[in-house]
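Novice: With chain A's structure known, arrange chains B and C on it following the hints.
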Amino acid sequence: MGGSYFFFRSLFDGSCDPTDGPSGQWSDGVDTSALGASNDRPNPDLASLMRRIHIASLFALSGLALLSSCDIQAQAKERSYGLAEEYRFDKSNTIFLEDLPEGTDAPLMGALEMLCGTPAEPQLMLLEDWVDEGYDPNFPEYPVGDMGSGEISEDEMALIEEDNMRVFAVQLEAIAEGDYAGVVPFRGAPVLQAKWDDFLADALEDEDGDGAPDFVVEEDDSPNYVAVDSEELFREEAAMLLIGWYPRLVDSADLYRLECMHCHGNEGAGDGSTAPFLHPAPRNYQPGWFKWAAVENKAKPRRVDLYNILSEGAYTSAMPNFKRFSRAQLHGLVDYVRLLSIRGETERMLVLELDGGASLTPALISETYSDIWEQWNNADERVVHCEGDVPEPTAELLARGRELYMDANGGNCYSCHGDLGLGDGASAWEEVDGVSQRIVDDWGEEIIPRNLTSGIYRGGRRPIDIYRRISIGITGTPMPAVPDTLTEEDRWAIVHYVLSLSDVHDGVGLDSMRMRAAHADHSDEDHDSEGH
Amino acid sequence: MRLLVTLLLFLVPVLGVWTFWTAEENGWWMPETVTTYGPDIDYLFYLILWMVAFFFILTEGLLVWFVFKYSKKDDTKGVYSHGNHKLELLWTVVPGILLLVIAFSQMETWADIKYRGNLPKTPPIAHVWASQFDWRVQYPGADGEFGTWDDVESPHLFVVPSDEDVVFILHSRDVLHSFFVPAFRLKQDAVPGMAIPVWFNVDKAIDEEGAEDKEAIRLYDLICTELCGWGHYKMAGRVEVRSREKFDEWMAEQEANVMSNGKEDQS
Amino acid sequence: MSVPPIPSEGSAAASEGLNPRAPEGQRKGLGAEGSVYIEHDHHELSFIKKYIFSVDHKMIGLQFMFTGLVMLGLGGALAMAIRWQLAWPWTEVPVIGELLFPATGGAMSPEFYTMLFTMHGTIMIFFVIIPMLTGAFGNFLIPLMIGAPDMAFPRLNMIGYWAMVPGLFFAIASFFVEGGAAAAGWTAYPPLSTIKSAAPGSMSGQTYWLLALTFSGISSMAGAVNYATTVVKMRAPGMTLMRMPLTIWSLFIAALLQLFALPVLTAVSIEQILDRVAGTGFFTPTNLVVNQLNAEGAGEAAGGQPLLWQHLFWFYSHPAVYIMVVPAMGMASDILSVHARKPIFGYKPMAYSMMAIAGLGFIVWGHHMFASGMNPALGMTFMVSTIMIALPSAIKVFNWLGTLWGARIKLTSAMLNAIAFVALFIIGGLSGIWMAATPVDIYIHDTYIIVAHFHYVVFGGTMFAIWAGIYHWFPKMFGRIMNERLGQIHFVGSFIFANCTFYMMHQIGLAGLMRRTADPYAYEVYAHLQPLNEFISISAFCLFFWQGFFVFNFFWSIFKGQRVGRNPWKATTLEWDAPSPPGHGNFDRELKVYHGPYEYASPLVDEDYLQQTRSVN
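Protein chains in written order, with my numbering: chain A, 94 to 625; chain B, 6 to 272; chain C, 47 to 663.
Isolated chain A (complex conformation):
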């Protein structure tokens, strides 16, 4: 310490310490005796104070230097799932948590934790008959019978592997080159990270003492891997670890925390920190209703519906597309969103029972849970599609579409979307206590009918997407399905008419007009420049 103190001090040689040098004369250019300086003597404690300051600054400098060399592992505090404060079932029925009998919170939380785990360790509880059939939704990539749910087909798994090779390209290259330290950490994949760290640590152990890593991993060292005994095998196995990765719920929960939680909230109740500023509000998963699904109204969505909304986004809402994630990550998020939705709906159903005077018994809990599961697993049966091909929009078809659009007993579209499709029909407002206000949806949000001239469709702009919208309605909103009396052709007529509203040729689509103007400019320039 002393030595370094003097070294440090020597660096400051030739400085202007007022305690150095003859009194009143700074050793370095500062003359305190100039023009009427008062002759205050230096504080006698100054010297020892300065010494202390030196030592303190030396400590500070070395401390800060040390700080910059260490690896800070910053973490977010562990969270737990909470209960919602209010449960809105429909316009007239809202249950508040505080109205439930005293002391129901804790058992309810306990039951939900048993069913779905915690944010740090989310896990779906297995029903008894699942165990018998070898069915486990926590492992969608394994087939049924092998403790999986078989939801990820082999074809899909092949696509996932292909995508993993792209996403992990940097890491795979580092592994192939033997630069194991250069393997960039995996974002939102703690389980994978831990596996890789373990595997690498085991492989790099030097048990035979020859100064080089052994690359020996016994099967019992880490049950996750095949035993390896050479670097070549290790690299192969390590690459397989990444390429064959399918995220566990823990991985997905972490990714959800990074990317989704600030809007959709910790429990998926659509109450994240950013949520209050968004229109429309982020989806609350808890009722289990999802707007942009290809299934019947209020049916549970299929995996692929959730996957599509993740990868395509709900255009011009705050839900962006998440195509930058790998297929594996998207599937993982679907798994996790389903878990949150099931947890939330179970919570709602149990609260409804509790409010009705029932008591929280294990039978009630598991019955509710398995009922909800059944709905999720039957989603595929409720897909809406049509038999014929998409017809071309002929003039007759468009005329028929217009007719149905304006027909109160046909499409009845005009009542909300307005005669011109501007989203300003009379039924877009309702009178409440003498005040005209926007209609609300089942989540309690104000809702604005789509301006059909904008050419923006949240649930996709393919004809079949619009077909589904009008055939199903939009789950949870006042947008109803068209009457069953309408034939497939009638529906296509409406679809084409609606699409034509944003068409540059026939419609008044504002964006389209802007686009056309830009086009005209551009082609004018073409002509001009060719002319010269």
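Read the hints as simulated data drawn from the structure, not as lab findings.
Misleading hints may appear alongside valid ones.
As the list claims (entries may be wrong) - Reference listing, derived: stretches of chain C covered by chain B, where coverage requires no fewer than 3 residues with Cβ under 8 Å from a Cβ of chain B: (1) 420 to 427; (2) 490 to 504.
Said to hold, decoys possible - Below, a sample of chain C positions facing chain A; criterion: calculated Cβ distance under 10 Å: (3) Glu157; (4) Gly225; (5) His574.
Glycine is no exception: its CB is placed at the ideal position from the N, C-alpha and C atoms.
Specialist: Same frame as chain A, now just chains B and C:
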């Protein structure tokens, strides 16, 4: 103190140059460019880099030298000089000429890339729409016309053919955004109310090993670089470059997808 | 060396103990300002009149300085939160995390991040750098260095400070309104800033932000009018324009910049306020729908243009960049010359180059907009003017080096910081050439290179010059000197950590990372930048905490520092003729100026300095 200050000042040019020297190895450098005009921009970048490096080392070096040399304890008077007219002239004229050289050397490249009159004479391949926090690309679809019912809409992915001039029209639906593809050396703000034509031509196909593989499908990050709200950081897209054949294949797939009747969804 | 004739009018009024160049009213004790002035001379003032509603330029200067230092702490703290997020995104923020973000386990929300960098920039520019340079040093130094008893308009001067206070209030209060503080960046580009549904910070935080800006503008305007008038009308006898110290030149030029540029900012902020609260559409294009809600009031008839704001905003804010650096250049020139014991090299080129910077500064604003969709031909002209503005800066750098050549450098804290100013300003200036070159700027625009560039200018340059100024003029402010050893320790750490923090940003920017991103690692291509970002963040934390040495030194020295006389640095300029600290009226004797401001090592006298007031005949 004198030694310490000299050392600190000395480290500025040394570490400064060292950081730039090793930056490429460390991956702290521009990604390799793949467009036709990318090399021109890189050339100008390096031109300025070398000039700047020269003056950086010169001025910092003189500073270190003067501070070291003239901070000795010395009771004599310093040089009584109020300046030197010739020197002033020298260091006004020389940097002035160099700066003019820099300025004039930029002009052609800038005009090539941005001037509307220099746009390639091909019809736009797509309209690219930026919105809060989403990139969406609108292709004309089977009928070859924009704004009709069979338009193909591609979120996130902007698929383009390689070795061709690609012109697209950039729009914003809400606030300002900026279309930035680092590997293309291309950046253009998207302004609501404006339709801005932009072009590029990807003529190099460099895979990770630096080899040419024209048939490979290459992905480049598309980044929003103009603050567009709280989700600015997540507004990512990708440009996918394919050979013309593969591009047409992809387009045909998308066109078929638009015509879907939803049957294949049922599985 | 010939001594210029002294104006003869000087001695008449001197018998009254007043400066002969004081404005009429003051000299005769008439009028409101005059009577205040006389009162100051003869009565002990109440605490409130002396320290709070003071009309004395020195006290107002100190008020600006203390306010600036407090806001510097606040702005720095915001920067620390930014750096935390960039190094360890979405992890628990120390200290404030649990308090502000209980639901996310202490991780900040993305919209809070946008508020952080918006308010960091706003506070640092409008409430730290500008008030410190023009407010604190401008007020304190102008009358002292030109030999005037006070500012030309003392009461306006007081209003200048107190106009800033509501600005401060609005800036800080905006964090607590619905939606939080402004979140559209310090440039507040519409439509993000004008449309309430576009960002949480645009709900009411943005209106507060605009009000804060307007009040800070009023403050700057009051100051600028005052400085320009004082410099033109109240110089001591013999103080010709070409005998003014470069600090005065620089502050005078900055005042002119503010006079011409500020009205535009004020007008444009009012336009944006109208867009936000009155439903006008200056900056909102027709039929804009953001976040599903129509732009309020504007709708179909809006007809505005977002680029209009950019043009008008940068028409002020680019000159503002020079307001932020020109006074620093002037102060550094003075300090270099004093502690190098040598005349400034090329006084006239130094003054002229500052004028050139100011003049060119008005025709370069478009270089902020090369990628904006502005006509590319316009970009070409802005490129040429921008590249040419590097020339006066280069001349200044060479002249500073010339000043050090053959000098007798005293490595005092003030000098160390002034040298650091030169060293770091070079980096900031040189990297600017990339940005000026339009094709290169296509790549560089809005990346971290920009961040590195302006932090080198504003932190590496201006902040070090402010430190140098504080160390240098502290004896004149408080009659005591700051502790040198602590000053050196402060300098060494600040220099190391400032470079570690800002230099590496060049590399991050070259790799393509964009500014204002809450989570760089959302992109796979930037994942490898995390270690570098951690390094920068840790350096930034070190830099922040290292300022503890400065804060301690500053307050300790105010009360316990060694007392010094009038001229502890043996400097030549007029302020060192006044007592330390100067009383009301500043000077206790009649002043006549015989020499230029930098007569060091003069052969005319035995000492190595020849004060401006000393006649050698």
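Novice: Glu157(C) was flagged as interface toward chain A. Is the shortest Cβ-Cβ separation under 10 Å?
Specialist: Holds, because the Cβ-Cβ distance from Glu157(C) to chain A comes to roughly 6 Å (cut-off 10 Å).
Novice: Can you confirm whether chain B covers the segment 490 to 504 of chain C, using C-beta to C-beta distances below 8 Å and requiring at least three such residues?
Specialist: With 3 residues close enough to chain B, the hint holds.
Novice: Using C-beta distances, would you say chain B covers the segment 420 to 427 of chain C, given that this needs three or more residues below 8 Å?
Specialist: holds (count 4)
Novice: Quick one, is the Gly225(C) hint okay against chain A at 10 Å, beta carbons?
Specialist: holds, 6 Å
Novice: Under 10 Å is the threshold here; is the Cβ of His574(C) close enough to any Cβ of chain A for the hint to stand?
Specialist: Holds, because the Cβ-Cβ distance from His574(C) to chain A comes to roughly 6 Å (cut-off 10 Å).
Comparing the model with each numbered hint stated earlier shows that all of them hold.
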